[in-house]
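K.L.:
Residue numbers (the numbering used here), protein chains in the order written: chain A, 223 to 536; chain L, 521 to 772.
Since the hints were made in silico from the structure, they are not lab data. Mixed in with the good hints, there may be bad ones.
Okay, the calculated beta carbon distance ranges per label pair [claimed, not checked]: (1) A/R297 / L/W677: 22 to 28 Å; (2) L/L538 / A/W350: 27 to 33 Å; (3) L/W677 / A/S403: 51 to 57 Å; (4) L/R762 / A/D355: 46 to 52 Å; (5) A/N263 / L/L714: 43 to 49 Å; (6) A/D295 / L/I750: 43 to 49 Å; (7) A/S361 / L/N536: 22 to 28 Å; (8) L/L686 / A/S361: 52 to 58 Å; (9) A/W350 / L/K535: 18 to 24 Å; (10) A/D427 / L/L758: 30 to 36 Å.
With a Cα cut of at most 20 Å, we get these calculated DMTMM-like pairs of lysine to aspartate or glutamate [stated by the list, open to error]: (11) A/K282 / A/E315; (12) L/K527 / A/E286; (13) A/K442 / A/E468; (14) L/K535 / A/D240; (15) L/K765 / A/E315; (16) A/K356 / L/E706; (17) L/K527 / A/E315.
Ideal placement from N, C-alpha and C gives every residue a C-beta, glycine not left out.
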Amino acid sequence: MSQNIAVRFYEISKEFGDTLAVDGADFSIFRGEFFGLLGPNGAGKTTLIKMLIGLANPTKGTAEVFGHDIAKDYREAHRSVGFAPAEANLDREFSIYDNLIFHAGYNGVPARERGERAEKQLKTFDLWDKRDDKPYELSTGMRKKLLFARAMISEPLLVILDEPTAGLDLETKENIQKYISKITDQGVTILFTTHQIDEAERLCDRVAIMKQGRIVEIGKPEKLLEKGQGDLVRIRLEEKITGLPEKLSNNGYRAELSGDGEEVRAVVANGPKSAARMMEVLHEAGIETQSVQVEKSTLEDLFRELTSTEGGLY
Amino acid sequence: MFLSLLKREVFRYIKNPLVTIGPPIVSQILYVLVFGLVLGTRIGSVSGYSYISFMFPGLVMMALVTNSFMNPGWSLYQARHFDWIEPILSSPMSSTQIVSAYILAGVIRGLLVSAILIVLALVIPSVVVISNPGFVILYLIIVSFLGSSLGTLIGLWADKFDHMALAQSFGLFPLVFLGGVFYSIEMVQGLTVLEVLVRINPVTHMINGLRYGMIGVSELPLSIGASGLIALAFVLFLLNVRLFKIGYNLRV
């Protein structure tokens, strides 16, 4: 395995009875990369992550974390991973400070460093004043922050975040996003799952889109957008028309006229450039235009396109 | 790593002594007072000792087995039920380390309760007799290890709260009460079914061993009892490690 690779999945699959939760995932995540795993509920994202950290046994295939096989060499594989799950799995019997101290101990942090690290993490996430509280006394947002602090306490090289910002208020979400970006800058590899596509588009170096257990797309967000359906161009006309110039309807644009005959719409690869060309064609045909609008294609559009099934989205 | 989990499991009951350590001490002291001092005077002597001195090793063993069993059983069940086992499973700890921490914490709780019970009983004259301290310590360790290993197994198996209660009510308590806490084997001779149940019961051998260490009386072969209990404890330990390795009721 290349030194540059943090995680490598080898045709990994997981079956639950007749259900194939993960179907032959085979891809790599590079060191220092911010990698997003996107997909609708039940796509297999969490199962894929659980196999990586020893909470699910693969049915077929395997994976490596920094070159360590997750089954044969699981202790080394786990040593470099910090995990913040979507659902709080905090120890209800102990204070949040003790939660961090014990977690640091489970992960081999030397005893003399545990207190200092726990304090640092709790202060980073504004939880220091709550250090004597039990986890169930915290709000949802605070529990999320505590999970994140716990994942970071062993100073892992790979941080896995399962829906880290779901259910958080805007301010907390932005704080966590800033912190995530900050640690990525320090060379930490991040694998995270999210339903918030705008978040993935903004933060991730690369994303993979999962559907029914399979990786259906993988790549840089901007590259994936090129594979998508494209930008939507809407040109408002001065007067109602009954038909489109042939150049627009057949010449690669496949433009359509709206029902009231006053708007031309087309989905195109390069919105601004195509819009200008379409305007020219309309002017050449003697059709006056009132306004033009280009709606950029987003990762969310691609996500919807790839994960939609018969009968509707998702 | 292992020490952190052990510390967590020990702190779990140390920080709450009134709930964890207190109740078994109180109940065993009540047994001493009611069965030993009140009813015991009417029973007379057993194997040449006062009834209370004869019964006391059984009470210690009862507290030891119950506490060493319950600690890892409930703790592991709760850890699974509330998912806080997950950070432990995804840590670099090996299955052997995790199982050892759970079992050792149960051993410590069992020994702690037994030690407090013995010290408290010393206040009452002629209750505690220790003729062979080495034997007492050996049996306390073997039995707490065995009880704790069994508790770990049940904690892994139990899928709901009822399963834990079921294991205690239909497994542990009948074994303890049929193990000769309150009577000698001589007393059940002739009661065929009961005698067989008492003789094949591992708890009878536990109590017999401790009774020998305390009052010097043994009704069963000690070498067979001790080696059988050690073998059983070892098998249960290995079984727990194996089940952790394959992720039985732990991983999906």
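K.L.:
Determine for every hint whether it applies to the structure shown.
P.N.:
Evaluated hints:
For the hinted restraint 22 to 28 Å between A/R297 and L/W677, the CB-CB distance of approximately 26 Å keeps it satisfied. The hint said 27 to 33 Å for the Cβ distance between L/L538 and A/W350, and at roughly 30 Å that hint holds. Taking 51 to 57 Å as the suggested C-beta distance range, the pair L/W677 and A/S403 does not conform, at roughly 45 Å. A hinted range of 46 to 52 Å for the beta carbons of L/R762 and A/D355 is inconsistent with their spacing of about 39 Å.
Taking the beta carbon of each, A/N263 and L/L714 are about 58 Å apart, not inside 43 to 49 Å as hinted. For A/D295 and L/I750, the Cβ-Cβ distance of about 33 Å falls outside the hinted range of 43 to 49 Å, so the restraint is violated. At about 26 Å, the CB distance of A/S361 to L/N536 agrees with the hint of 22 to 28 Å. Separation of L/L686 from A/S361 is about 37 Å and departs from the stated range, judged on CB atoms against 52 to 58 Å.
Take A/W350 and L/K535: their Cβ atoms lie about 22 Å apart, and the range 18 to 24 Å holds. For the hinted restraint 30 to 36 Å between A/D427 and L/L758, the CB-CB distance of approximately 46 Å leaves it violated. Distance check on the hinted pair: A/K282 and A/E315 sit about 37 Å apart at the alpha-carbon level, beyond 20 Å; violated. Between the alpha carbons of L/K527 and A/E286 the distance comes to roughly 31 Å, so the proposed pair goes past 20 Å and is violated.
Restraint check for A/K442 and A/E468: the C-alpha separation of about 36 Å exceeds 20 Å, so the hint is violated. Of the supplied pair hints, the one linking L/K535 and A/D240 is violated, its CA atoms being roughly 46 Å apart against a limit of 20 Å. Of the supplied pair hints, the one linking L/K765 and A/E315 is violated, its CA atoms being roughly 26 Å apart against a limit of 20 Å. At most 20 Å may separate the alpha-carbon atoms for a hinted pair to count; A/K356 and L/E706 exceed this at roughly 54 Å.
Under the criterion of a C-alpha separation no larger than 20 Å, the hint pairing L/K527 with A/E315 is consistent with the structure, at around 13 Å.
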